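*Asks:* Chain order of the listed sequences is H and Z.
The end of the first sequence is residue 117 by the numbering used here, with every number in the run present.
The end of the second sequence is residue 624 by the numbering used here, with every number in the run present.
FYI, nobody ran anything at the bench for these hints, they're computed from the structure.
Source: prediction; values computed, not measured.
For every residue, glycine included, the Cβ atom is placed at its ideal position computed from N, Cα and C.
Incorrect hints may have been included.
[What the hints assert, rightly or not] With the C-beta cut set under 10 Å, the calculated list includes, among others, these residues of chain H facing chain Z:
#1 I20
#2 P24
#3 F26
#4 I30
#5 F49
#6 L61
#7 W73
#8 M82
#9 W84
#10 C87
#11 V91
#12 F97
#13 D98
#14 D100
#15 I104
#16 H108
[To be verified] The calculated DSS-like cross-link candidates involving lysine-lysine, where the alpha carbons are at most 30 Å apart (straight line), are:
#17 H:K92 with Z:K379
#18 H:K33 with Z:K217
#19 Z:K537 with H:K32
#20 H:K33 with Z:K606
#21 Z:K606 with H:K35
#22 Z:K232 with H:K32
#23 H:K19 with Z:K611
#24 H:K92 with Z:K217
#25 Z:K329 with H:K63
#26 Z:K376 with Z:K217
#27 Z:K606 with H:K32
#28 H:K33 with Z:K376
#29 Z:K376 with Z:K232
#30 Z:K475 with Z:K618
#31 H:K19 with Z:K376
#32 H:K19 with Z:K475
#33 H:K92 with Z:K624
#34 H:K32 with Z:K618
#35 H:K92 with Z:K475
#36 H:K93 with H:K32
#37 Z:K316 with H:K63
#38 H:K93 with Z:K376
#39 Z:K217 with H:K32
#40 Z:K618 with H:K92
Residue-level listing of the chains:
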Amino acid sequence: MEQKVERVLKRKSDYDYEKIAASPEFQSLIRKKNKFLLPVTIFFLLFYFSLPLLTSFSNVLNKPAIGDISWVWVLALAQFIMTWTLCMIYVKKANRFDADADQILNLHNKTKGSDRS
Amino acid sequence: MSILGLFFFVAIVGLTLYVTYLASKRTNSASEFYTAGGGLTGWQNGIAIAGDYLSAASFLGIAGAIALFGFDGFFYSIGYLVAYLVVLYIVAEPLRNLGKYTLADMITARFNQQKIRGAAAISTLTIVLFYMIAQLVGAGALIQLLLGIDYWIAVLLVGVMMTTYVLWGGMAATSWVQIIKAVLLMVGTIIISFLVLLKFDFNIMKMFTDMKSITPAGEAYLNPGVKYTNGLDTMSMMIALVFGTAGLPHILMRFFTVKDAKTARSSVVYATWIVGIFYILTIFLGFGAAAFVGSEKIIAANAAGNMAAPLLAQALGGDLLMSFVSAVAFATILAVVAGLVLSGASAFAHDIYGQIIKKGNVTEKQQMNAARFASVGVSVFSIILALGAQTMNVAFLVSLAFCIAASANLPVIIYTIYWKRFNTTGALSAMVTGLVTALVLVALSPNIWSPEGTAILTGTALFPLTNPAIISVPAGFIAGYIGSIVSAKADERKYAEVAVKANTGLK
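Please put together the full structure from these sequences, using the hints given.
*Replies:* This is the structure we're talking about:
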């Protein structure tokens with residue numbers, strides 16, 4: 001059963017995925033992506049959970065920040081600003097990754113014929 | 118029910134039915150039915166995602182929660198928004214590149230096995246049912262109040278409408294219903310917020326100062342702790358909110374309606390802006406309702422505070438605004454339930470019938486028939502459940518759906534895309550453990566058990582938290598990890614294919 005599925009997939013696909021995956025261009029794209037995605041993800045999760053952690057286990061955010069607006073509202077608003085900012089940064093970065101991905105595809109499309117035989 | 122109110126309702130029903138009629142002419146293949154042929158543009162899908170996401174729980178529920186509990190109500194707004202970063206950074210693009218119609222398609226792109234597809238379909242159906250019952254119960258209660266008709270008629274009305282959209286118009290009609298709803302909801306929310314600000318002389322500082330003395334909570338109203346006093350429970354809820362969105366089947370399905378990862382990306386950006394602006398405005402809805410309606414009147418209309426927004430509309434803009442806002446709330450519910458029917462139907466017709474029972478040997482016509490039968494089936498089943506669930510707490514059902522999505526779906530999505538060593542056993546154990554842990558812990562929680570008999574059953578809850586995400590989400594991740602490392606090695610060739618496809622969009 002398993003083997004049958006494999007064969008069907010192989011016939012359908014024209015690409016040598018392992019070869020692309022092992023290519024230096026692809027490896028470098030993955031490295032670049034991880035170098036961006038991982039730290040930012042860790043940052044926004046820490047920032048996000050800092051709010052409920054601080055409200056649940058301390059009272060520091062109850063102090064007034066601006067007039068009668070306490071720090072908890074300031075940190076909450078900061079979450080919104082963070083989300084929009086990281087959203088824009090992501091798009092900028094991802095457009096650059098797109099160019100890299102296109103390059104990889106072009107490179108391997110040329111050798112597609114020889115892979116198939 | 119005023120003539121004005123009737124006018125808005127008929128206008129919304131008429132407009133959405135017209136859109137469905139237009140969509141029905143081109144809905145003649147499975148791809149059209151499930152994904153509108155993948156032909157939506159970034160902004161269309163972005164608005165539709167917002168329309169799919171901003172449910173009655175967001176509009177009516179959060180406005181009420183902020184009105185009654187101040188900052189504690191605003192926690193929802195924050196969690197629901199930051200969740201979009203998880204969607205954008207981790208899930209959206211690989212999902213678009215790997216999937217076709219359903220979440221199961223994406224996971225089976227790596228593990229082509231029936232049991233994996235089956236597990237993914239079952240978790241999808243479970244989430245859809247909980248979410249759907251929540252929406253239908255909320256819809257029934259709301260329309261009952263707004264139109265003065267019986268609960269069961271109200272549920273049937275919404276049920277018939279959602280089935281009509283999906284059955285004849287498929288994803289194209291559903292998307293446009295969601296777009297129309299998102300626009301109406303934003304217009305309504307902006308008008309109310311403007312009127313609230315007008316009352317405070319456009320002075321935010323004055324608004325906060327006034328809020329300190331207006332509500333029964335006094336100064337505490339502006340600080341956290343009015344509603345959430347158990348820190349672990351608050352953390353648990355925030356985990357469910359931020360990780361749940363990226364596992365919600367009806368949101369994930371929206372990414373298959375665009376042509377490529379780049380468009381999926383731009384649609385998340387549009388959605389994040391719209392959803393974010395909306396959630397900022399929930400402050401004005403909530404504060405306004407607390408100040409100009411008053412918590413006594415809000416609780417008298419509905420104990421959970423769900424009527425805060427319509428009552429505020431009446432206080433500020435009279436019957437005209439009240440009628441408009443009520444019609445918007447109605448459209449809000451319709452758009453969300455239609456999306457839910459579609460994702461439930463796809464799990465049933467495409468995954469269980471088409472791929473598992475028929476093993477992919479189905480004609481276009483059989484696929485369409487199965488999809489339509491499944492849509493009716495999902496609708497009828499959830500209507501029946503909703504009719505019996507009138508007294509269930511809506512917010513609890515929605516948070517449970519988020520919790521299951523975060524526990525059963527997200528771990529397997531992340532591992533499938535990013536972890537080379539992940540394998541079939543890991544995938545299965547992650548999904549089953551996440552789903553079962555979430556369900557069992559809820560069954561033992563204070564939502565179900567209360568010593569005073571205020572919950573469904575009388576007795577002491579064995580699990581102390583109302584939201585189990587803090588346990589069940591890590592459980593899903595750990596089970597996926599352990600399942601993978603104790604079993605046979607992963608198929609590295611297959612992972613190479615998945616990694617290349619996910620990162621380059623190669624087909």
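*Asks:* If a hint holds in the structure, say so; if it doesn't, say that too.
*Replies:* Each hint tested on the structure:
no.	hint	in the structure
1	I20	holds, 5 Å
2	P24	violated, 14 Å
3	F26	holds, 7 Å
4	I30	holds, 7 Å
5	F49	holds, 7 Å
6	L61	holds, 7 Å
7	W73	holds, 7 Å
8	M82	holds, 8 Å
9	W84	holds, 6 Å
10	C87	holds, 5 Å
11	V91	holds, 6 Å
12	F97	holds, 8 Å
13	D98	holds, 6 Å
14	D100	holds, 9 Å
15	I104	holds, 6 Å
16	H108	holds, 8 Å
17	H:K92 with Z:K379	holds, 12 Å
18	H:K33 with Z:K217	holds, 24 Å
19	Z:K537 with H:K32	holds, 18 Å
20	H:K33 with Z:K606	holds, 26 Å
21	Z:K606 with H:K35	holds, 27 Å
22	Z:K232 with H:K32	violated, 35 Å
23	H:K19 with Z:K611	holds, 12 Å
24	H:K92 with Z:K217	holds, 26 Å
25	Z:K329 with H:K63	holds, 14 Å
26	Z:K376 with Z:K217	holds, 11 Å
27	Z:K606 with H:K32	holds, 27 Å
28	H:K33 with Z:K376	holds, 22 Å
29	Z:K376 with Z:K232	holds, 29 Å
30	Z:K475 with Z:K618	holds, 27 Å
31	H:K19 with Z:K376	holds, 26 Å
32	H:K19 with Z:K475	violated, 34 Å
33	H:K92 with Z:K624	holds, 24 Å
34	H:K32 with Z:K618	holds, 17 Å
35	H:K92 with Z:K475	violated, 44 Å
36	H:K93 with H:K32	holds, 10 Å
37	Z:K316 with H:K63	holds, 26 Å
38	H:K93 with Z:K376	holds, 20 Å
39	Z:K217 with H:K32	holds, 27 Å
40	Z:K618 with H:K92	holds, 21 Å
Violation of the numbered hints given earlier is confined to hints 2, 22, 32, 35; the remaining hints are satisfied by the structure.
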